[in-house]
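Let the hints inform the model, and build the full structure from the sequences given.
First to last, the protein sequences are chains A and B.
The opening position of the first sequence corresponds to residue 1 in our numbering, with each subsequent residue numbered one higher.
The opening position of the second sequence corresponds to residue 1 in our numbering, with each subsequent residue numbered one higher.
These are calculated hints, taken from the structure and not from any lab test.
Treat the numbers as computed from the prediction; the structure is a model and nothing was measured.
Even for Gly, the Cβ is constructed at its ideal location relative to N, Cα and C.
Hints should not be assumed to be uniformly reliable.
Covered by chain A, according to a simulated footprint, are these stretches of chain B (three or more residues, beta-carbon under 8 Å) [what the hints assert, rightly or not]:
| hint | region |
| --- | --- |
| 1 | 334 to 340 |
| 2 | 385 to 393 |
| 3 | 587 to 601 |
Below, simulated DSSO-like cross-link-like pairs (lysine-lysine); rule was C-alpha separation at most 27 Å, straight line [stated by the list, open to error]:
| hint | chain 1 | residue 1 | chain 2 | residue 2 |
| --- | --- | --- | --- | --- |
| 4 | B | Lys249 | B | Lys179 |
| 5 | A | Lys43 | A | Lys63 |
| 6 | A | Lys2 | B | Lys2 |
| 7 | B | Lys273 | B | Lys249 |
| 8 | B | Lys179 | A | Lys179 |
| 9 | A | Lys46 | A | Lys179 |
Number of protein chains: 2
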Amino acid sequence: MKSYQVIFQPGDQAMEVQEGSTIMEAMDQAGINFDFPCGGQGKCGKCRVRVPAGAGDPTATEKEILEPMELDRGIRLACAARVHGHMTVELPERLQHNILMASGERTCRIEPHLKKIFVQVAEPSLEAQRSDWHRLKDSLAGQGYNSARLEIPVALLRRLPETIRRAGHGVTVVMYGSKIEGLEEHDTTPAMLGMAFDIGTTTIVGYLLDLYSGRELCAVSTLNPQTRFGADVISRITFANREEGGLEKLHAAVLGAINKLIGEALEKAGAGKEQIYGVSVAANTCMHHLFLGINPGNIAVAPYVAAVSEPVVAGAAELGIDINPAGKIFVLPNIAGFVGADTTAVLLAAETDRSTGIKLVIDIGTNGEIALGSGERMVACSAAAGPAFEGAQISSGMRGAAGAIDHVQFEDNLAYTVIGGGRPLGICGSALLDTVAGLLELGMINKRGKLLPPGQLTAEAARFKDCIVEHEGQPAFVLAGADKTGHGRPVTVTQGDIRELQLAKGAIAAGIRVLMQTLGVELDDIQEVLLAGAFGNYLNPHSACAIGLIPSELEGKITMIGNAAGTGAKLALLSSSEFRRAAQVAESVEFVELGSYPGFNSIFAANTYFNPKTQQKGKKVAVKQ
Amino acid sequence: MKSYQVIFQPGDQAMEVQEGSTIMEAMDQAGINFDFPCGGQGKCGKCRVRVPAGAGDPTATEKEILEPMELDRGIRLACAARVHGHMTVELPERLQHNILMASGERTCRIEPHLKKIFVQVAEPSLEAQRSDWHRLKDSLAGQGYNSARLEIPVALLRRLPETIRRAGHGVTVVMYGSKIEGLEEHDTTPAMLGMAFDIGTTTIVGYLLDLYSGRELCAVSTLNPQTRFGADVISRITFANREEGGLEKLHAAVLGAINKLIGEALEKAGAGKEQIYGVSVAANTCMHHLFLGINPGNIAVAPYVAAVSEPVVAGAAELGIDINPAGKIFVLPNIAGFVGADTTAVLLAAETDRSTGIKLVIDIGTNGEIALGSGERMVACSAAAGPAFEGAQISSGMRGAAGAIDHVQFEDNLAYTVIGGGRPLGICGSALLDTVAGLLELGMINKRGKLLPPGQLTAEAARFKDCIVEHEGQPAFVLAGADKTGHGRPVTVTQGDIRELQLAKGAIAAGIRVLMQTLGVELDDIQEVLLAGAFGNYLNPHSACAIGLIPSELEGKITMIGNAAGTGAKLALLSSSEFRRAAQVAESVEFVELGSYPGFNSIFAANTYFNPKTQQKGKKVAVKQ
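Structure, rendered in C-alpha cells:
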C-alpha cells in the first residue's frame, strides 16, 4: 500500500502514513494526544485542524459539519479527513506552549502524559446487568478507547462501585495510555497540575506547572539535604556503600526534600496535592539513582556503569511521592555514569538533536558535562574539574552565597562586587575566574600560571603591585584586606589557588579538545557555545575565555541558556512526545570516556597552561552583568 | 495480502495468518508460548514442529539443520518455515497435558502465564558502558524479545546491579508478557509451581501443580472461614455492609485461608513458597468479590450487578498472596451477579464452547447455576434453591458430614448408608432426595407432595407403614428410630421437609425450563447433562430425576463431572490461552434473570409438583455408588 508524509505543525513532526488513513490515525501513530469528544465519529466537530497543504476534497461528513468558509480556509476534521497525498497539518493553538528560557523561547506542544476524561456511566438495569467495570469500559469506548485494551488495578476496582454511585454515575477517569490510574467523582477535568524537578548535587529546584495550559505557577528550591552526607557525588556514593543504611538515608533525604518542595509550591499556588498528576525529574546519574533508591556504587568504579540509563516511569506510591495517587513520575534518561539525565534535559531544551550547525554545550560544575555536535552526530564527555569552580579547596574560597566576591574588575583600581553587599567574606568561582583572567591580561601571571613577584611586573600592572603579598614563600594577590579593626580574614588568591584553577579549567578545556578530535571538527566549525547551569550562567564569559576554560576563539559565540536542565524537565512534564524525544536524545549521544582516550593525559597537561595570546592582547576585562 | 488458515494441534486452534509469515509469527499471533532458544535465528534447531498438512518445501535453513528423514516426516523449524497455504501444525508433546476429570480426561496445552528465562548478561567494559538494564535487555533481545517493549518496575531496578554481579552475570528473569516481574540469581528455570483454587461459599479447595509438566502434586481443602460471619452468600453480603469493618473481616478471612492452604500444600510437596509463580481462582461472584476485597453489595439488590465480571490479573503483593513476589493471580471471569467464575470454570472444563450438541450443565447448591447450550449459543441462570440440598431447614437435616445418612434404598426393607458408619445423626441432601424419590415411587407421596397416612397406602407400600408416624398433626416418615436406650433423636422426613424439597427442586427445574424456552429447545434436543460440584456428584441421579429436579427424560444422559470448577481453575493456571478462553466463555454466555422472566412464578409453581409418571413407573430405586 502507498504511504505519504504527514507533517504536524508546529514542531515539524513528520510521519509516514498509509494512504487512506484518517488524520486521527496519523495523530495516533505520531503519539499526539488529541481530544475526540464523540469518539471520532464525525459528530461533534471538535477535532478541527487546519491543513495548509494536501487537504484534498472534504468528505461528506466534513461538508455537513463545517462551514463552506472553514473548508475554504483548509479546516478539516481530523477524524474524517483522509490522507491521499503528502500533507501538512496545523495543530490548534491550545496544544502549543512557549517555555521561557534564558536564551529565548522554546515552543513545545502540550501533550499531557495522563489524560482526564469525564464520562457518564450507564445505570445498570435488569435488562442489561453488565458489571460496573464493563459499563465504565463502554463509556470509555464511546470516547474512542479500545475497551479490550483497558486495564484497571484491583485497588480501583475496589472503589469503583461506590465512586460511580456516589457521583450519580458521572466520573472522571485518569488515564495513562490504556491504563486507568484514577477515578474521581464528578467532572474534575480542569484540575491537572504537575511539577518539574532538577535535582542537583547541591541544589534542588522545582517548578509547578499547569499541565493543560503549560503555565508556570511558581518555582521553589532548596539545598539538597544529602549534602550533610557528602558534598559531592563521590562522597555520597561512598556514604551509600560504607555506612549502614547509607543508601536508605540518602534516598529518604532527597524524597523528603521533593515532597517538601511540592508542599511549598502548592501552598504558594493555593492548590492541593491531589491536583498534581505528574512529576518529571532531571538529575545527574548519581542523584538520579539516589532519587530512585538505586545504589549508584558501580558509577564510581571502572567501567563506571549506571544501573539504568533509560527513561523510568513509575507510580507516585511506588516512589513515595506525595501527590495524587493516580500520578506518575517521569524520570529523564541518563547518557552515561557521569553524563546524566540533567545533560539529556539540557540537550532537549537546546534542541541539539534538530540543529544543523555544530553546537558546544557545557554545564560546568565539579564535573563538567560537555556535549558537542549537531542533529547528525553528538558526542559527550564528563570532565573531572574538581571543586575549584564551586570555591572549594581555594584558600579564600566559598560558595556563591552572601558575602562572596562574585565579580572582579581590574580598572584603574581594583573593583569587585559582593553578593548581598557588605564586607567580603571570601571569593566564589566566578570571581576567581575574573581575578586570574585579569592578572593574566596584566601579565602578572605567566603562561605556566606563576604569579610574578612585585619586582617583575610590567609598567601597566605596576598599579596593583601593593596587592601582592607573600604567602607561604610565594606571591599571593590580595583582593580585600583585613578590615581596619583587624577583624575578618583578608581575601586572597594564592599561587595554590591558581594551580587549582589550572587543573579545573584544564580538565574542561581538554574535554572540549577530545570531543572536537572525536567529531573531527575545528573551532571554526562550532556555530554556538551554550552555557548551562548555575555556574555557567554566573561566570563572565570573557574571563572564561581569557583563562582558556573555553577556547577564546569561541567568545563571540557564547549564549547563556540558564537552568536548561530545569527547562528540559518542564518540557518532559508537559509533553509526552518531548519525554520520548529525551530518550532518543540520550540514546543517540555517543559517550567518550576521557580516562581511556588515547593521549588524554598530555592533552589535559597542555590545557592546564594559559594561552599566551591572552597576555599579548592585554584587553580590559569588563564585567558584563 | 493473501492470508491462510493455520490450525494448531492438539486443540484445533485456528488462526488466519498472512502469507509468508513464519510459523513462529503465527504462534505469536495465537498466543502460544514456545521456546526459541536462539531467538528464532534458525541456529539451534530446537523449535521443531511437525506439519502434517501444508508443509511445503523446506527452506535452506531447515535443510541445513534437519535430517532428510525428519524433513520427509514433515518436521519443520517454526522459526524458519513459512506459510504459503493452509497449514496444520502439530505442537510437541511436552506442551500437552491431560487433566483428569471425573468424566475422563481433558487435554490442555501447557502455556505458563509467566516465563522464566535464564540469560547471561554481558559484563560491562570501558568500551561498552551500557547500563545494567540496557545489557539485560540486550540479553533478552537475544532470546527473541523486543527490547523496546520490555518493562521493569523500580523495585527490580533497585536489585538489578547486585543481583547481576552476585550471580556472576547469570540470572533468571521472570517474564509476564514483556514485563519483568522477577530477577533471580543463577539458573532457576526448572522451579515453577502454581496453585489453582476453587473458593466455594462453604469449602475452599486448592491444587498444587507443576507449571511445566502440568502434574498435580497435591490437593488441600478447608472450610471457608467466612462461614462464621454467615453461612450463605446473602448473609455474608449483609455482614459486609452492616458490620463495621465487615468487608475487611471477610476479605482477611478468605486471604488467610488461601495463604494457609498454600503453606499446607507446599509442606506436603516439600517445596518453598518462592517456587509458586501463579495462582488461579474460580469462585462464585460473591466469593470472587470478597477474595479481591471488593464490596459485593450490589449483587444482592436489583439489578444485581457485579463490580467486575472480566478476568482479573493482579500481582501477588497487590492481593496479599504469600508466594514468590514475581507471581501473579489469575481470577477467572464471572458471568453475572449470581452466575460466577465457578460456572465459567465448569463450562471451560466441559468445553461447552466447542460442543456441537446441546448440553445442560448444572451445579446444584444453595444457588443452582444452570447453563444450557452449545458452542453456538449458551444461556445460563441462577436458581434460588434455598438451603434444602445442604440439609439446612430440614427437621433432621445436616451437612454431608460424619453421621449423616447419605443414601437410602427402599428394597424389601429400608436400607441406608451413614457417612463414617455408626449411628445416624441426621440426613443430608442426597438422602433426602433418595427418600422422597422412594416414597414417590411407592405411591406414599402424591403429586402435590402430600405424605399419605398409613391407612391410604397401596399394597406395595404397606411394608413401610410402620415407618409412618404422626408429627405436628401430619404424617412423617421415620428413617431411623431413637436407639433402644432412648438416646439420640429419631431421623425423620416430615411433611415440612418434603415441602422444602419441593421448593428447592422446583426452582432448579423451573430454571431448566426457562433456559429451554429461551434457547427454543425440547428435552430430546439435549445431548448430555453434566452434573458439577460436590452435591451434584454425590446425589443419586435416578433420585434427582424421580423427584423432577432433573427432567426424568434426561436420566440416561447424565454424566457427573466432579469438581469441574477446580478443573477449570487448573486449566486457567496451566495455560494462558485457556485463561483467555475463559473470558470468551464468560462473555458469550447469555444470562437470563429468572426474577424478571415473563411467567416465571407459574413455571416455578408448576415445577414444585411431582411428576405423576414417577409413580406410574414405580421403578425400584437403586443406589448407584
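Unmet hints by their number, sorted upward, for this structure: Checked against the structure, the hints that fail are numbers 2 and 4, while the rest are satisfied.
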